[in-house]
Amino acid sequence: MLNYLLKRLLYIIPTLLAISIITFVISLNAPGDPVESLLNMNSGEGQLSERQAQEAAYAEMRHKLGLDLPLFYFSVSSAASCDTLYKLSNRMHREVLERMAFTYGNWKAVANYYKCIMNLEKSLPNLPSYEVKNQVSALYEKFDSTQINQSISQISKTFNKNEQLKSSISFLSDLINSYNYLLHQQQQLNKYIPVIHWHGARNQYHHWLSGFVKGDFGVSYQDRRPVSSLIWDAIGWTLLLSLSSMVLAYLIAIPMGVYSAVEKGSLSEKSITSVLFMMYSLPNFWVATLAVIFLCGGDWLSWFPSPGADWPSRDAPFTEWFPALAIRLTLPLICYTYGNLAFISRQMRGGMMSVMGQDYIRTARAKGLSERQVVWKHAFKNALLPIITLFANIFPFAIAGSFVIEFIFSIPGMGKLTYEALMARNYPVIFTVMMFLAIMTLLGNLIADIIYAFADPRISYSHKRA
Amino acid sequence: MKIDLIKQFRKNNLAVYAARFILVMIIVATLADLLANEKPIICSYKGKIYYPVFHAYLVDVGLSRWQNDFQNKEWSSLHYDWTLFPPIPYLPQNIDKNNMHSVSPFAIQQVPSKHWKHWMGTDELGHDLLSAMIHGTRIALLVGLVSMSIAGFIGIVLGSAAGYFGDEHLKITWTELLFNIFFLFLAFFYGFGIRSYILKDAISISVLNFFPSLLLSLLIFLAVFYTGNRLGKLAGTLPILNKKVYIPIDIIICRLIEIMNSIPVLFLIISIISIAKPSLLLVMAIIGLTGWTGIARFIRAELLKIRSLEFIEAAYALGFSERRTLFRHAIPNAIAPVLIAIAFGIAGSILLESTLSFLGIGVPPETLTWGSLLSEARQSPSAWWMAVFPGMAIFLTVTVYNLAGEGLSDALDPRLRK
Numbered sequence: 068m069l070n071y072l073l074k075r076l077l078y079i080i081p082t083l084l085a086i087s088i089i090t091f092v093i094s095l096n097a098p099g100d101p102v103e104s105l106l107n108m109n110s111g112e113g114q115l116s117e118r119q120a121q122e123a124a125y126a127e128m129r130h131k132l133g134l135d136l137p138l139f140y141f142s143v144s145s146a147a148s149c150d151t152l153y154k155l156s157n158r159m160h161r162e163v164l165e166r167m168a169f170t171y172g173n174w175k176a177v178a179n180y181y182k183c184i185m186n187l188e189k190s191l192p193n194l195p196s197y198e199v200k201n202q203v204s205a206l207y208e209k210f211d212s213t214q215i216n217q218s219i220s221q222i223s224k225t226f227n228k229n230e231q232l233k234s235s236i237s238f239l240s241d242l243i244n245s246y247n248y249l250l251h252q253q254q255q256l257n258k259y260i261p262v263i264h265w266h267g268a269r270n271q272y273h274h275w276l277s278g279f280v281k282g283d284f285g286v287s288y289q290d291r292r293p294v295s296s297l298i299w300d301a302i303g304w305t306l307l308l309s310l311s312s313m314v315l316a317y318l319i320a321i322p323m324g325v326y327s328a329v330e331k332g333s334l335s336e337k338s339i340t341s342v343l344f345m346m347y348s349l350p351n352f353w354v355a356t357l358a359v360i361f362l363c364g365g366d367w368l369s370w371f372p373s374p375g376a377d378w379p380s381r382d383a384p385f386t387e388w389f390p391a392l393a394i395r396l397t398l399p400l401i402c403y404t405y406g407n408l409a410f411i412s413r414q415m416r417g418g419m420m421s422v423m424g425q426d427y428i429r430t431a432r433a434k435g436l437s438e439r440q441v442v443w444k445h446a447f448k449n450a451l452l453p454i455i456t457l458f459a460n461i462f463p464f465a466i467a468g469s470f471v472i473e474f475i476f477s478i479p480g481m482g483k484l485t486y487e488a489l490m491a492r493n494y495p496v497i498f499t500v501m502m503f504l505a506i507m508t509l510l511g512n513l514i515a516d517i518i519y520a521f522a523d524p525r526i527s528y529s530h531k532r533a
Numbered sequence: 162m163k164i165d166l167i168k169q170f171r172k173n174n175l176a177v178y179a180a181r182f183i184l185v186m187i188i189v190a191t192l193a194d195l196l197a198n199e200k201p202i203i204c205s206y207k208g209k210i211y212y213p214v215f216h217a218y219l220v221d222v223g224l225s226r227w228q229n230d231f232q233n234k235e236w237s238s239l240h241y242d243w244t245l246f247p248p249i250p251y252l253p254q255n256i257d258k259n260n261m262h263s264v265s266p267f268a269i270q271q272v273p274s275k276h277w278k279h280w281m282g283t284d285e286l287g288h289d290l291l292s293a294m295i296h297g298t299r300i301a302l303l304v305g306l307v308s309m310s311i312a313g314f315i316g317i318v319l320g321s322a323a324g325y326f327g328d329e330h331l332k333i334t335w336t337e338l339l340f341n342i343f344f345l346f347l348a349f350f351y352g353f354g355i356r357s358y359i360l361k362d363a364i365s366i367s368v369l370n371f372f373p374s375l376l377l378s379l380l381i382f383l384a385v386f387y388t389g390n391r392l393g394k395l396a397g398t399l400p401i402l403n404k405k406v407y408i409p410i411d412i413i414i415c416r417l418i419e420i421m422n423s424i425p426v427l428f429l430i431i432s433i434i435s436i437a438k439p440s441l442l443l444v445m446a447i448i449g450l451t452g453w454t455g456i457a458r459f460i461r462a463e464l465l466k467i468r469s470l471e472f473i474e475a476a477y478a479l480g481f482s483e484r485r486t487l488f489r490h491a492i493p494n495a496i497a498p499v500l501i502a503i504a505f506g507i508a509g510s511i512l513l514e515s516t517l518s519f520l521g522i523g524v525p526p527e528t529l530t531w532g533s534l535l536s537e538a539r540q541s542p543s544a545w546w547m548a549v550f551p552g553m554a555i556f557l558t559v560t561v562y563n564l565a566g567e568g569l570s571d572a573l574d575p576r577l578r579k
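Protein chains in written order, with my numbering: chain L, 68 to 533; chain U, 162 to 579.
It is worth saying that the hints were derived from the structure and are not from the lab. Using N, Cα and C, we set each Cβ at its ideal position, and we do this for glycine too. There's no promise every hint is true.
[Claimed, not checked] Taking lysine-lysine pairs in the BS3-like style, the calculated list, with each CA pair at most 25 Å apart, reads: (1) L:Lys209 <-> L:Lys228; (2) L:Lys209 <-> L:Lys154; (3) U:Lys332 <-> U:Lys258; (4) L:Lys444 <-> L:Lys434; (5) L:Lys131 <-> L:Lys175; (6) L:Lys444 <-> L:Lys331; (7) L:Lys434 <-> L:Lys331; (8) U:Lys361 <-> L:Lys209; (9) U:Lys332 <-> L:Lys258; (10) L:Lys175 <-> L:Lys258; (11) L:Lys233 <-> L:Lys182; (12) L:Lys154 <-> U:Lys361; (13) U:Lys172 <-> L:Lys337; (14) U:Lys394 <-> L:Lys331; (15) L:Lys337 <-> U:Lys168; (16) U:Lys466 <-> U:Lys332; (17) L:Lys182 <-> L:Lys154; (18) L:Lys258 <-> L:Lys281.
[As the list claims (entries may be wrong)] Between beta-carbon pairs, the in silico distance windows are: (19) U:Leu345 <-> L:Ile455: 51 to 57 Å; (20) L:Val342 <-> U:Pro526: 32 to 38 Å; (21) U:Leu345 <-> L:Lys189: 43 to 49 Å; (22) U:Tyr212 <-> L:Glu330: 57 to 63 Å; (23) L:Pro81 <-> U:Pro526: 37 to 43 Å.
Pulled out of the complex, with its shape left as it was, chain L reads as follows (with noise of 0.2 Å):
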């Protein structure tokens, strides 16, 4: 037994491990930069000082985030890439460098036309006119041969134009030059030949993932709260949804499971399963939208506040603050429940139907026990059970389906939280929705896992399944 158990938990190292990576792997591909995003900044235009110190507290918080450090354990890539671009704090150059060195097969000749670029920038006078400026800055961004041929003969242009830039010339032709070099020293062959590089401990996703163990998971782009603070804001109104809908349902639906078994064939047996089956496929935002629309104030009867009302405030008694609360959470509790019922209590008759069918109930009936002793005391308890473990596979769902009740009704939930952030694009909160969701999903598997290994005795975990 504790064999197992502990196999169990060693089982769900790795399942964590490639959700994470998962998760990981979407995160990196997020459009825009995070850094950015944190600090605000307008990129471009301004002094060269401002800049320089944009750039500095650029460099900073992207240290600070990890985001100079290698991505994983290790890398895998062609030898014509060079694999310390991570290094390189603008991510728009370093995706260009990136791609120049792939095309052209020779990374020491790209790195030096980059030098060139950056000497032939920083050599240039301050001129009234940002025109020769922008044309070198806009070198950075091109990586199609035709297109750099262009902008270089459209700078060589303006210096010719321009008398001042004489200074700078030599630097001109440096860059020239080596873009030259570059051209004629294509080593196409190094694309083919895959190199793998070591990083070690020192990289993106185990900085990532040691802060998420810490509980460190980011911060959001909206308001640069923590995003935990975040989370354990929102988690309240969806645990007491969630876990009030399931003590609900479970109330509901296994004695009705039950009767539903025993009374087989029976009209209002009859009546109540094809209510549940149509209630199984019965879209709860549909429900949810309709209710809304019916009962919510508006055109029609208004039994119940429209949900952009104000929620009601906590300082106000107790026997004021909460009736009102009940009132504004009957809906999105009955909306959130009926499905989950539906479907325990179809579990629930399945499971009770095919044990009435085992011969001990027939000993038992045969004993001449009363049909209510038969029901509740040989055949419910011998049921119950994959019922209850059910618990751990639906609370999982049952989280994941607030993000629709909760936008429906607007409850502050995490479903509302992980909606706008979807719409802000913040990702920091996406992910760690994600990840959190992916972990709970796992811990309900173990625990119903765990919940069956104790209190089934004919389920042996000891020898191998034949």
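Dock chain U against chain L, hints included.
Same frame as chain L, but now just chain U:
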């Protein structure tokens, strides 16, 4: 087996009705252009007969052009000699200027005749709801079809590998294993690694541009991997390198299923959508790529059972190859329960897609789906028809597929056979 299954299925009245309903939906989806269209099906104009609905297909693929008389004209305002309009003479994107601001189906509508009536009302901008519903059928069915084809393919391949080979039936030499792993890495490198810029550029232009490049990548991948596999087989025949090893394929795939099951799909889609451009194809692909676990489990369990049956032993005894036994004898006999998982899977994916388009994520705003129609009801709560009809369509479709799945599982259950 098949005839038996159909016979059992027929006994279940509800399931038969469900199947008929699905058939009707398929017909509506295929004929959507004939049922709801701004163009006449046949018309006679200035003495000549035209087939505008069909002609539009030719124009769309660039094979033909519109006659000058029809260019930039409103189809309803032309003076035909005689004409046959579709039953719903609107396209979903047509704006009826006389019936804007959500006109109820029961209100008095400003229409020339009963034929032009908006049977399900209009939305805020004057779009005909019924027409949008008819064209939305296509998307709903497409979502189910595409995502479950992907899921079915992955599920059947992985599930049958797990069930048939188990942990102790796939035996290859060490050399072959190492060759395979090494060449898998190389295949990935040459197929996708060094082509990543080409693929990225292609997808930034359009999805259509992406497919040929992706296909080429896949071909390179398969070619390199296949070469490695052959080389490994060859090297494995050498006397020193032929020590054998079992591949615990069942454990590997079961682990994979567990990982997939613990990923919350809705949130996976949300996080992928948050970084990619909204596209229906992407949503269908993600649903398919994450939804195969049920199918894989079904077929795995079935093959575990079948593997020990006499006819597989007979196939072995007759000296059939592993491949022939698996594909010709084992899988065809295990496929029936997969249908159950697919029917429920279609219901699930339609529900998921409509949830997403209701929330306005994943599906581009110009694509009209039942879910996005329903979400319009949130903006104009007084237009009850915007909430009732699209929601009803989603509900009925999901119910019908669930009923079909239920019917199939009853039909396959030996205990219920009469």
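Hint check results:
no. : hint                              : result
1   : L:Lys209 <-> L:Lys228             : holds, 24 Å
2   : L:Lys209 <-> L:Lys154             : holds, 20 Å
3   : U:Lys332 <-> U:Lys258             : violated, 71 Å
4   : L:Lys444 <-> L:Lys434             : holds, 14 Å
5   : L:Lys131 <-> L:Lys175             : violated, 29 Å
6   : L:Lys444 <-> L:Lys331             : holds, 19 Å
7   : L:Lys434 <-> L:Lys331             : holds, 23 Å
8   : U:Lys361 <-> L:Lys209             : holds, 16 Å
9   : U:Lys332 <-> L:Lys258             : violated, 36 Å
10  : L:Lys175 <-> L:Lys258             : holds, 14 Å
11  : L:Lys233 <-> L:Lys182             : holds, 20 Å
12  : L:Lys154 <-> U:Lys361             : holds, 23 Å
13  : U:Lys172 <-> L:Lys337             : holds, 18 Å
14  : U:Lys394 <-> L:Lys331             : violated, 59 Å
15  : L:Lys337 <-> U:Lys168             : holds, 24 Å
16  : U:Lys466 <-> U:Lys332             : holds, 20 Å
17  : L:Lys182 <-> L:Lys154             : holds, 15 Å
18  : L:Lys258 <-> L:Lys281             : violated, 40 Å
19  : U:Leu345 <-> L:Ile455: 51 to 57 Å : violated, 43 Å
20  : L:Val342 <-> U:Pro526: 32 to 38 Å : holds, 36 Å
21  : U:Leu345 <-> L:Lys189: 43 to 49 Å : holds, 47 Å
22  : U:Tyr212 <-> L:Glu330: 57 to 63 Å : holds, 60 Å
23  : L:Pro81 <-> U:Pro526: 37 to 43 Å  : holds, 40 Å
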